[in-house]
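Asker: Below, each chain spelled out in residue letters.
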Amino acid sequence: MVNGMHSEADGTRAAPPAPTTKTRRPPRAAALAQVIEGGVVVLRRKLSAGELGSLPVVLVLAAVWITFQSLNDSFLSPRNLSNLSVDIVGTGLIAVGIVFVLLIGELDLSVGSISGLAAALFAVLNVNHGVPEWLALVLAVLSGTVAGTVQGYSVAKTRVPAFVVTLAGLLTFNGLMLYILGTSGTVNLDENGLVAKLTSHYFTNDAAAYSVAAVATGLVFLVSHHGRRRRMAVGMPHRSFRVIVVRTAVLAAVAFTAAYLLNRFQGLPLALLILLVVVAGLDIVLRRTHYGRQVYALGGSIEATRRASLNVTGVQTAVLAVSGTMAAIGGLFLASRITSVSQGAGSGLLLLNAIAAAVIGGTSLFGGRGTTWSAVLGMLVIQSIASGMVITDTPTAVQFMITGGVLFAAVVIDALARRSQEAHGRA
Amino acid sequence: MASPPLLALRGVCKRFGVVEVLTDIELELRAGQVVALLGDNGAGKSTLVKVISGVTPADKGVIEWEGSPVQIRRPHDARDLGIATVYQDLALCGNLDVVGNLFLGREIRRFGFLDEVEMERRTSQLLERLTRGVPDLRAPVVSLSSGQRQTVAIARSLLGDPRILLLDEPTAALGFEQTSEVLDLVDQLRDRGLAVLLISHNMGDVKALADRAAVLRLGRNNGFFDVNTAPQEQIIASITGATENVPRRMAHQEAGW
Ligand SMILES: Nc1ncnc2c1ncn2[C@@H]1O[C@H](COP(=O)(O)OP(=O)(O)O)[C@@H](O)[C@H]1O
Ligand SMILES: [Mg+2]
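As you go down the protein sequences, you meet chains A and B in turn.
Converting from the first sequence to the working numbering requires adding 1 to each position, the first position being numbered 1.
Converting from the second sequence to the working numbering requires adding 3 to each position, the first position being numbered 1.
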C-alpha cells in the first residue's frame with residue numbers, strides 16, 4: 002500500500018511521454034507491449050536523469066525480507082509483520098518531520114530530545130498532576146510545535162545552519178525533560194489510557210483493514226482518472242487508461258495483501274492507520290500546495306526562492322515547527338509502545354534512526370528531493386533489520402553494522418543521483 | 004516635454020561593505036524602447052539590475068515610476084510594479100521542474116491545491132511561442148541544457164505581463180539559433196510597448212536591437228549614446244575607459260533625450 006501510493010505520487014509529476022489513446026485501438030498483446038515499452042522509456046529517462054525515487058529502497062526492503070525469511074520462516078508471519086507495522090510508527094512519524102527539514106537542505110538534531118520532552122510533559126501532567134489526558138496530549142504536542150518554531154525562527158534570523166541551532170536545542174530540551182521528570186525517574190502511563198491505546202488498539206473487525214485498502218485504492222484511481230480526463234479535455238499529454246488501471250491494480254494488490262495479513266493477526270493497528278493518514282496528508286501538503294512548493298524551492302535554491310518574492314523566514318520557521326510537532330507526536334507513540342516514560346526517553350539511537358530512515362527512504366541530504374513516504378519506507382528497512390536480528394538471534398553489533406551499510410549505500414546513491422542529474426544538464 | 008519615463012534612477016548608490024559598487028547612477032527606461040547597458044566585467048551592471056529588481060536595494064538615490072518616487076526594497080515591490088528580471092545566474096530552482104520554476108511564487112490554485120494541469124498548459128503555450136526546442140516540462144531544471152534553462156528563465160519573466168524587462172546577458176549561454184530567437188523576442192516585446200534593459204557584450208546585437216546605450220565604468224555612468232547615430236568606436240572607447248572625462252552627472256543629457 003505504502004509503496005503503491007508513493008509511486009502514484011511520483012508519476013503524476015513526471016507525465017510519461019504520451020502513449021495517447023487517440024491512435025487506433027491496438028490488439029491486446031500489442032497494447033500490453035505498448036504499456037511496458039512506455040514504462041521502460043520513463044524508467045530509463047528517470048535513471049539517466051538521476052531520479053531513482055523509491056526504487057532502491059524497495060529493492061533493499063525486498064532483499065532484507067527475502068534474506069530473513071530464508072533464515073527463519075516466522076519472519077514474514079502475520080504476527081511479526083503486524084508488530085513491525087506498529088514498531089515503525091513512533092520513529093517513522095519523527096522521520097516524516099526530518100524529511101521536511103532535509104527538503105530545505107537543513108538537519109534537525111533536536112527531534113529526539115523534543116520527543117522525550119513531549120512524552121515527559123504528557124506523563125507528568127497526566128499521571129502526576131491529574132490533567133485530563135486529552136489536554137495533556139494537546140499540550141505535549143504543542144510543546145514540540147513551540148520548540149520547533151523557536152528554533153526555526155532562530156535559524157531564519159541568525160542564518161546559522163539548523164544543525165547548530167538544533168544541537169543547542171538537543172541539549173536544552175533534554176535538560177528540560179530531565180527537569181520536568183524530576184526525581185520521579187520513570188513514570189508509568191495508564192495501561193488503558195488514550196496514549197497507551199495509540200499503539201495497543203487494533204480494529205479487530207476484518208472489514209476495517211479491507212475498507213481502508215478499498216478506500217485508498219479507490220481514491221488513487223479516481224484522482225488519476227480525473228486528472229487524465231482534465232488533461233484530455235485541454236489536449237495535454239496524459240497517461241493512457243491502461244497505465245492507470247495497471248498502477249491501481251498494483252496498489253490494490255499490495256493494499257489488500259497487507260490487509261489480509263493484518264487481519265490474520267489482530268486486525269488493523271490504529272497506530273498504522275494514523276501513520277498512513279498523516280504521511281499521505283503531509284505528502285499532499287508538500288506536493289500539492291503553495292506551502293509545499295516553497296519547501297521544495299528552498300531546498301533547490303534559497304536565493305532563487307527569495308528572488309521569487311517568497312517568504313524565506315516564514316518557510317524555514319514553519320518547516321522546523323513541523324519537525325518539532327512531528328517529533329512530539331512520535332515521542333507519544335514511543336511512550337505508548339512501552340506505556341512509560343523514563344529519563345532515557347528520546348535519547349540513544351532514536352535521532353540517528355529517524356535521520357537514517359528519511360535518507361534510506363530516498364530523501365536527499367542535499368535538499369529539494371524526497372517525499373514523506375520515504376520516511377515510512379526507510380523506517381520499514383531499519384525496523385525489518387532490527388526485527389530480523391532478534392528473530393535470528395544475531396547480536397546487536399551486527400545489526401548496527403548492517404544498518405550502517407544500508408545508510409552508507411543510500412548516501413552514495415543520493416550523491417551519485419545528484420552528480421548524474423548535473424551531468425545530464427551539462428550534456 | 005514628453006511624458007515622464009516609465010522608470011528613472013536618480014543618483015542611485017550601492018555599497019557592499021566598504022566597496023562602493025554603484026555611485027550616483029542615472030538611468031531612464033521608456034516604454035517601447037530597448038536600452039543597452041554596457042560595461043566591462045565588474046562595472047556594476049548586474050548589481051544595477053539587482054537594485055532595480057529589489058534583490059539588493061539601493062542605499063541612496065531615488066527611483067521614479069512614471070515620474071513619482073517609489074520604494075523598491077524587496078523583489079516583491081519590483082514585481083508589483085511590473086518589473087521582471089532574467090538574472091545573469093538565472094535564479095532557477097534546479098530541483099523543480101520547468102512548470103514549477105515558471106510559476107514559483109504565483110502558482111495557480113484550484114480548491115486551494117496547485118492546479119498542475121492549468122500551469123502545465125500555460126507553460127507549454129508560452130514556451131511554444133518562444134522557442135522551437137521546447138524542453139520536457141516535467142524534467143527537473145538541473146537536467147536541462149544551459150540554453151533550455153535560459154529559455155525557462157526568459158519564459159518565467161514574461162509570465163506576469165511585465166511592463167519592464169531586465170535581461171542580464173540573456174544570450175551568453177545560447178547558440179546562434181537560440182540567440183536570434185531571443186533577439187526576435189526582445190524586438191516583439193518592444194513593439195508591444197515594454198521597456199527593456201538589455202545587458203550584452205555583443206556589440207552587433209546591441210547595434211541591431213537597442214535604441215539607446217548607457218555605459219557603466221567602475222560603478223559610474225560613463226556615457227549615454229543613441230545607438231543609431233553614435234559610432235561604434237566611440238561606444239567601445241567609453242566602455243574600455245579611453246574616454247574617462249565624460250562629466251559624472253549626466254542628468255541633463257538624460258533629460259535631453
Ligand atoms: N554581493 C556582493 N558583495 C560584494 N561585492 C559584490 C557583490 N556583488 C557584486 N560585487 C562586486 O561589485 C562589482 C560589480 O559586480 P557586477 O555588478 O556583477 O558587475 P558586472 O555585472 O558589470 O560584471 C564587482 O567588483 C563585484 O565584485
Ligand atoms: Mg554581470
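None of these hints come from the bench; they were simulated from the model.
One should not assume that every hint holds.
Derived Cβ-Cβ restraints for the label pairs, each shown as a range [said to hold, decoys possible]:
no.	chain 1	residue 1	chain 2	residue 2	range
1	A	F242	B	L162	26 to 34 angstroms
2	A	V278	B	L162	33 to 41 angstroms
3	B	N231	A	H291	44 to 52 angstroms
Far from chain A, some chain B residues (derived; all Cβ distances over 12 angstroms) [as the list claims (entries may be wrong)]:
no.	residue
4	R13
5	H79
6	G178
7	R195
All C-beta atoms in this analysis are idealised placements derived from N, C-alpha and C, irrespective of residue type, glycine included.
Asker: State for each hint whether it applies.
Answerer: Against the structure, the hints come out as follows:
1. For the hinted restraint 26 to 34 angstroms between A/F242 and B/L162, the CB-CB distance of approximately 33 angstroms keeps it satisfied.
2. Taken as a hint, the range 33 to 41 angstroms holds for the pair A/V278 and B/L162, whose Cβ atoms sit roughly 36 angstroms apart.
3. About 46 angstroms separates the C-beta atoms of B/N231 and A/H291, a value consistent with the hinted range of 44 to 52 angstroms.
4. Look at B/R13: its CB is around 25 angstroms from the nearest CB on chain A, clear of 12 angstroms, so calling it non-interface holds up.
5. With 12 angstroms as the threshold on Cβ separation, the claim that B/H79 sits away from chain A is violated: the shortest Cβ distance comes to roughly 4 angstroms.
6. No beta-carbon of chain A is positioned within 12 angstroms of the beta-carbon of B/G178; the least distance is around 14 angstroms.
7. At roughly 24 angstroms, the least C-beta separation between B/R195 and chain A is larger than 12 angstroms, which holds for a residue marked as non-interface.
Hint compliance for this structure: hint 5 alone is broken.
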